[in-house]
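*Asks:* This is what each chain is made of:
Number of protein chains: 2
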Amino acid sequence: MTGELRVIPIRGIPELEEGDDLAELLVDAAPELEDDDVLVVAQKAVSKVEGRIIDLAGIEASEQARELAADTDPRRLEVILRESREVIRARPPLVIAETRHGFVCASAGVDTSNAKGPDTLVLLPLDPDASAAYLRDRIRVLTGADVGVVVSDSFGRAWRTGTTDVALGVAGLTAVVDLDGLRDSTGYELHATQIAVADEIAGAAQLVMGKLDGIPAAIVRGLRVRGDGRGSDLLMPRERDLFR
Amino acid sequence: MTGELRVIPIRGIPELEEGDDLAELLVDAAPELEDDDVLVVAQKAVSKVEGRIIDLAGIEASEQARELAADTDPRRLEVILRESREVIRARPPLVIAETRHGFVCASAGVDTSNAKGPDTLVLLPLDPDASAAYLRDRIRVLTGADVGVVVSDSFGRAWRTGTTDVALGVAGLTAVVDLDGLRDSTGYELHATQIAVADEIAGAAQLVMGKLDGIPAAIVRGLRVRGDGRGSDLLMPRERDLFR
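Protein chains in written order, with my numbering: chain A, -6 to 237; chain B, -6 to 237.
Honestly, the hints are just simulated from the structure, not real lab data.
The model shown is predicted, which means the values in this text are computed figures rather than measured ones.
Note that beta-carbon positions come from the ideal geometry of N, C-alpha and C, so glycine has one too.
Misleading hints may appear alongside valid ones.
Computed list of lysine to aspartate or glutamate pairs in DMTMM-like fashion (alpha-carbon distance at most 25 Å, straight line) [what the hints assert, rightly or not]:
1. LYS109/A to ASP171/B
2. LYS109/B to ASP171/A
3. LYS109/B to ASP234/B
4. LYS109/A to GLU10/A
5. LYS109/A to ASP171/A
6. LYS109/A to ASP13/A
Just some of the chain B residues that point at chain A, by a computed CB distance under 8 Å [as the list claims (entries may be wrong)]:
7. ARG(-1)
8. GLN57
9. ARG84
10. GLN187
11. ILE194
12. ALA197
13. LEU200
14. ASP226
Please model the entire structure based on the sequences and the hints provided.
*Replies:* Here it is, written out as structure tokens:
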């Protein structure tokens, strides 16, 4: 598929506020961007500049939120429920939910703001593909480079411990590489014919991003994955899903 | 966590046979290995040299295998059942099973041999951590380099399409980085405090390995993850698992 890959952290991004020009901040901080680079940006950074922040002061918790909260703040669970289309599993206060976008993840992707304390929550972008496309377009304007963009987040998995970063939003690259038409002569393999490359790219970027270092973005260089994939390509259609 | 990361494919590995010295073949083909490199090797390569190959000619299918096979070869399903501790979900002929090691994956990790046609199946290594440790020790003998080793495979996921590569066997590196003791002052985050770095490393390597190019291994260089993790660190303990 490719030669050597480089994964380059982008350091020196300041604490972000609503309305900040994230693309410009990334371009200023990054080494020179090249065509076919994939820029991976943490969801939290995108959500902050898009104003997807909510203060718990204004929230009233429903009965369901109180039940799911156990001994934690029920207003937080209320926000999670508002972001959810469906609660998939719950072990209070842990909730695995399907978001309105179709992502299945802990807390419907709702997270605490590191900067603003426990009463301020960060929600997922309303449309992560649109967020990725906006960043991509803005970077092309600023630098001329035709890059791919992935908006990433850390998701837990069924059956395995820990999180890996996955792609919520995708622009300018293929999200899933389909080897079906290319399978070898034995042609018998039932699994492993579709590779979720955008998720693997997000995971590779996480290895250099680090939650504690305040590195919200990385460049993955050396792939040839230009395409028009979307984050929704990575969502298992409900009718094919064995795990609902 | 780190500076820049490089992911370097190892090309030129010949078709493998039982008893081949895989470590020596990798060392001969790889650019010079360095301390703290993580060498990612595809499970299939490891299984082949370990003789984890089975010919369907000698297999008799049980009733359960016939039911699960739908219109495919029931002997293949018989082999999958023999590798399984438990069938988690089935939509014949697709079976999601827990292997005897505790991995939950399609077909209990049983795969067709590309080289030998549809009647020859490749099974997972009996003990992927031992496989990784053996490769690590042998590489130290051959080169003096203290590398980490990951034995990887492509697994599907609940709720998401496509596969990502994950770590089955681990030697010489931390499998899961725990940020719990390090969380920031708000201290409220319930998820994303444990990062499955060995899985992200496997996924990053997959991006350069490619199933069709016959590249069964890659080096991930630039991480500082030396440790004594095991593949089993990545398995969700049954009592904490919400998805059985």
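*Asks:* Are the hints correct? Go through all of them and say.
*Replies:* Right, here's what the structure says about each hint:
{"no.": "1", "hint": "LYS109/A to ASP171/B", "in the structure": "holds, 23 Å"}
{"no.": "2", "hint": "LYS109/B to ASP171/A", "in the structure": "holds, 23 Å"}
{"no.": "3", "hint": "LYS109/B to ASP234/B", "in the structure": "violated, 38 Å"}
{"no.": "4", "hint": "LYS109/A to GLU10/A", "in the structure": "holds, 11 Å"}
{"no.": "5", "hint": "LYS109/A to ASP171/A", "in the structure": "violated, 42 Å"}
{"no.": "6", "hint": "LYS109/A to ASP13/A", "in the structure": "holds, 17 Å"}
{"no.": "7", "hint": "ARG(-1)", "in the structure": "holds, 6 Å"}
{"no.": "8", "hint": "GLN57", "in the structure": "violated, 18 Å"}
{"no.": "9", "hint": "ARG84", "in the structure": "holds, 6 Å"}
{"no.": "10", "hint": "GLN187", "in the structure": "holds, 4 Å"}
{"no.": "11", "hint": "ILE194", "in the structure": "holds, 7 Å"}
{"no.": "12", "hint": "ALA197", "in the structure": "holds, 4 Å"}
{"no.": "13", "hint": "LEU200", "in the structure": "holds, 5 Å"}
{"no.": "14", "hint": "ASP226", "in the structure": "holds, 7 Å"}
Comparing the model with each numbered hint stated earlier shows that hints 3, 5, 8 do not hold.
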